[in-house]
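Given chain A, put chain Z in place with the hints provided.
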Amino acid sequence: MAEKPKVATTSMAGCFGCHMSILDIDERILKLIDLVDFDKSPIDDIKEFTGRCAVGLLEGGCCNDENVKTLKDFREHCDILIAVGDCATMGGIPALRNNMSVKECLDEAYSTDNRKGPAVHNPDNIIPNDPELPLLLDKVYPVQHVVKIDYFLPGCPAPADTIWQSLVALLTDEPVELPYELIKYD
Amino acid sequence: MSFGGPEVCHTKQERLTMSESLQSAIKEICEVVGNDRTQMMEIVEQVQDRFGCVSSEAMDLIAQQMNCHRVEVMSVVSFYSFLSEKPKGTVVIRLCNDVIDLMKGANHAADAFRDELGIEFGETTPDGKITLEWTPCIGMSDQAPAALINDEVVTYLGSDGARNIARQLKEGTAPSKLVGRLGDGNNANDLVKSMVHNNIRNAGPVVFAEGIVKGDGLKKALAMSPREVINDVKNSRLRGRGGAGFPTGMKWDFTRQADGDKKYIFCNADEGEPGTFKDRVILTEKPDLMFEGMTIGGYAIGADEGILYLRGEYAYLRAFLDDVLANRRDAGLLGKNICGKGFDFDIRIVMGAGAYICGEETALLSSAEGMRGDPKNRPPFPAQKGYRDCPTAVNNVETFCKVTRILEKGPGWFSEIGSEGSAGTKLLSISGDCHKPGVYEVPFGIKLREVMDLCGAEDVQAVQIGGPSGRLVGKDSMDDQICYDHLATGGSLMVFSRKRNLLKKVLNFMEFFEEESCGYCTPCRVGNVLLRKKIEAIVNGEGEPADLEYLQTLGETVKTCSRCGLGQTSPNPVLTSLESFRDVYEAALKPALKDGSQPEFDIRAALRPAEAIAGRASSHFAE
Chain A
1032 MAEKPKVATT
1042 SMAGCFGCHM
1052 SILDIDERIL
1062 KLIDLVDFDK
1072 SPIDDIKEFT
1082 GRCAVGLLEG
1092 GCCNDENVKT
1102 LKDFREHCDI
1112 LIAVGDCATM
1122 GGIPALRNNM
1132 SVKECLDEAY
1142 STDNRKGPAV
1152 HNPDNIIPND
1162 PELPLLLDKV
1172 YPVQHVVKID
1182 YFLPGCPAPA
1192 DTIWQSLVAL
1202 LTDEPVELPY
1212 ELIKYD
Chain Z
3 MSFGGPEVCH
13 TKQERLTMSE
23 SLQSAIKEIC
33 EVVGNDRTQM
43 MEIVEQVQDR
53 FGCVSSEAMD
63 LIAQQMNCHR
73 VEVMSVVSFY
83 SFLSEKPKGT
93 VVIRLCNDVI
103 DLMKGANHAA
113 DAFRDELGIE
123 FGETTPDGKI
133 TLEWTPCIGM
143 SDQAPAALIN
153 DEVVTYLGSD
163 GARNIARQLK
173 EGTAPSKLVG
183 RLGDGNNAND
193 LVKSMVHNNI
203 RNAGPVVFAE
213 GIVKGDGLKK
223 ALAMSPREVI
233 NDVKNSRLRG
243 RGGAGFPTGM
253 KWDFTRQADG
263 DKKYIFCNAD
273 EGEPGTFKDR
283 VILTEKPDLM
293 FEGMTIGGYA
303 IGADEGILYL
313 RGEYAYLRAF
323 LDDVLANRRD
333 AGLLGKNICG
343 KGFDFDIRIV
353 MGAGAYICGE
363 ETALLSSAEG
373 MRGDPKNRPP
383 FPAQKGYRDC
393 PTAVNNVETF
403 CKVTRILEKG
413 PGWFSEIGSE
423 GSAGTKLLSI
433 SGDCHKPGVY
443 EVPFGIKLRE
453 VMDLCGAEDV
463 QAVQIGGPSG
473 RLVGKDSMDD
483 QICYDHLATG
493 GSLMVFSRKR
503 NLLKKVLNFM
513 EFFEEESCGY
523 CTPCRVGNVL
533 LRKKIEAIVN
543 GEGEPADLEY
553 LQTLGETVKT
563 CSRCGLGQTS
573 PNPVLTSLES
583 FRDVYEAALK
593 PALKDGSQPE
603 FDIRAALRPA
613 EAIAGRASSH
623 FAE
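Respectively, the protein sequence lines represent chains A and Z.
Numbers 1032 to 1217, taken from our numbering, label the letters of the first sequence in order.
Numbers 3 to 625, taken from our numbering, label the letters of the second sequence in order.
Here chain A stands alone, though its shape is the one from the complex (with noise of 0.2 Å):
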């Protein structure tokens, strides 16, 4: 038997949502295992890709130096990338800090100087600044103007069936068929 294609995934600066709903469809997950080996993805907690893959999905935009290493990684090792959900497309809920400062940012999630509300108790006034913690970038930035992506499935999150779709046409070369349903978002 040929060896199946590979398909990676990970989740940049997203919230999982766009994951949850990979898993969302439901019982066909078998048939896409019949189709696909999973590589590098949180799915099967693969850390390192094993080889070259034929499709990365990627959740998320990017928010720390980290994404961006995975990120190029990702496009390094996979033929074909595509941006699923709104924070990978267009930066999403996390490019809301766009126009803030990374001090601005920080002070307002750490410092107690500023922080009126009870959520933080954090008499030091510390910033965590551990070695091991990624380091933010001055914003959040959608996936395409870091990398060349190749397609986009927005939605937030990216519907299952629109996912299931775009997948299966890839993988098995047929145009993809995406009725009305599957990419109207209001």
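I should point out that these hints are in silico values taken from the structure, not numbers from a laboratory.
On a predicted model such as this, the values are computed, not experimentally measured, just so you know.
All clues stand as given, with none of them false.
Among the chain Z residues that face chain A by a calculated CB cut under 10 Å, a handful are:
| hint | residue |
| --- | --- |
| 1 | E602 |
| 2 | I605 |
| 3 | A607 |
| 4 | A608 |
| 5 | R610 |
| 6 | E613 |
| 7 | A616 |
| 8 | R618 |
| 9 | H622 |
Label pairs and their calculated CB-CB ranges:
| hint | chain 1 | residue 1 | chain 2 | residue 2 | range |
| --- | --- | --- | --- | --- | --- |
| 10 | A | D1110 | Z | H71 | 53 to 59 Å |
| 11 | A | I1077 | Z | A619 | 26 to 32 Å |
| 12 | A | D1217 | Z | G337 | 53 to 59 Å |
| 13 | Z | R618 | A | I1077 | 25 to 31 Å |
| 14 | Z | R618 | A | N1156 | 18 to 24 Å |
| 15 | A | E1139 | Z | P128 | 33 to 39 Å |
| 16 | A | M1131 | Z | K29 | 40 to 46 Å |
| 17 | Z | K506 | A | A1200 | 40 to 46 Å |
Calculated lysine to aspartate or glutamate pairs in the EDC-like style (CA-CA distance at most 20 Å, straight line):
| hint | chain 1 | residue 1 | chain 2 | residue 2 |
| --- | --- | --- | --- | --- |
| 18 | A | K1179 | Z | E551 |
| 19 | A | K1134 | Z | E613 |
| 20 | Z | K338 | Z | D263 |
The beta-carbon is built from N, C-alpha and C at its ideal position, and this holds for glycine as well.
Okay, now just chain Z, sitting in the frame of chain A:
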């Protein structure tokens, strides 16, 4: 009227007095126009004129007085670039940054202004006297660089001239005293007194003919029935001279037949297409021809009122034009019982306030109705439902002049001039790299090569025909005819020689459209920004082959999906230059990065703020 001039107040007492005088002034201004909501432009322009701005308090007072919502006033004030909520200097310098003005050295004048006044563009001197701003094309490309100092026009503005002007203004010289030697023709008229030159280089047989007698065309029209007048216009094969080229007779027929007792004639003198200035010359030298055409149009469609919508940049012609109208009334050519034929018709002038979009006819009507210059949905067309929901015919300045001559000399005379599909003459505004920039009246059907010879253009690389919303053509088009079927134009021809960087011109045009988009629909508001950004990247050497397809696709999307003529034509600089000068783009592109990265993304710059805060370098992307 002038666009500028606040009285700066400091003490509490002064502020109180100002508040009282503001209230009584607004009451008076509103009452003069009969508290008519549709006269909002006039009201806010007058408030701006008297108080230097339309302050938040003034907006409240106007809304109260007019019994309308504050947002209706605010939307007007915030829309037009000549109106302002914040106080500006007593004198506002508006330096033109249109592509031709920049080619002719507007940046040198800009540096002189900056240096002498000690402020940046968009700022006001600390004493509140002088504000410095950029403005798009002010209709002086044949005598660029040019600027507006309040309403006064200064032309051929070099760096010494700019410095000199700045010094005089600082000393308190009134803008009107800055005008040195007056221009030719009516530019030297006591009511104009401007240094603008007409630069009529080629006088054709229709508009710039000698010995035209005031009233001849009108008298002949009034001797006929309105239907016969429309038939004459139809038989002359006259098409609109503003750019779209709709048959004038047909437009008038629709308006005449539309239901409604009250109808309007509008003359579109919002000549805002960069590089166009022929209407300025008509308004200066042939206003009677234009007003007479409006009167004939009024008779033909059954209107008793005509409105000249004059762009704010031409405010220096307002008093002169009002005087021409008064003279026509005295001569019995306007007003009650015109020429003793029982026809009543009068014309008034409505001023624009610096918004390119108002040249689009439905936006123009919105503006004249006292609103933001938003385009309206079509249909219904203005011929069915236009100004104040009445049937309205909107025509270009030049079109009306042609009508007067057609009625005077007959439709056959007119239709024999020009080419088969395009009858008559066309006024061209030629600027850029040529020896004789100015206005040319030429017969339709003339070849581009002949026009280039006429204006003394050597070493031509490209010609932008019809302004930024038109087409950029190169040497392959030199034998094409200027007419509706081939090289269509509302009049603007900008010549670029071989030493010019064409992509920078395209970038300038896209910056213009980005600024002038009214923001109503997304394809135009967002699409023009994306187009501009990509062109900018290519100019900066960050483009790659795939960008050309991106520009093509995006440009077509913006054209197809935009709501009005602005967005339907704004991608043209990109699309037509891609068609005619693909090699210029290709020469500016770099090969795509092998790792699939986007060249515009700069990881170092993106990490700089966080690295500074954390005091450590990125472990993934070391310097």
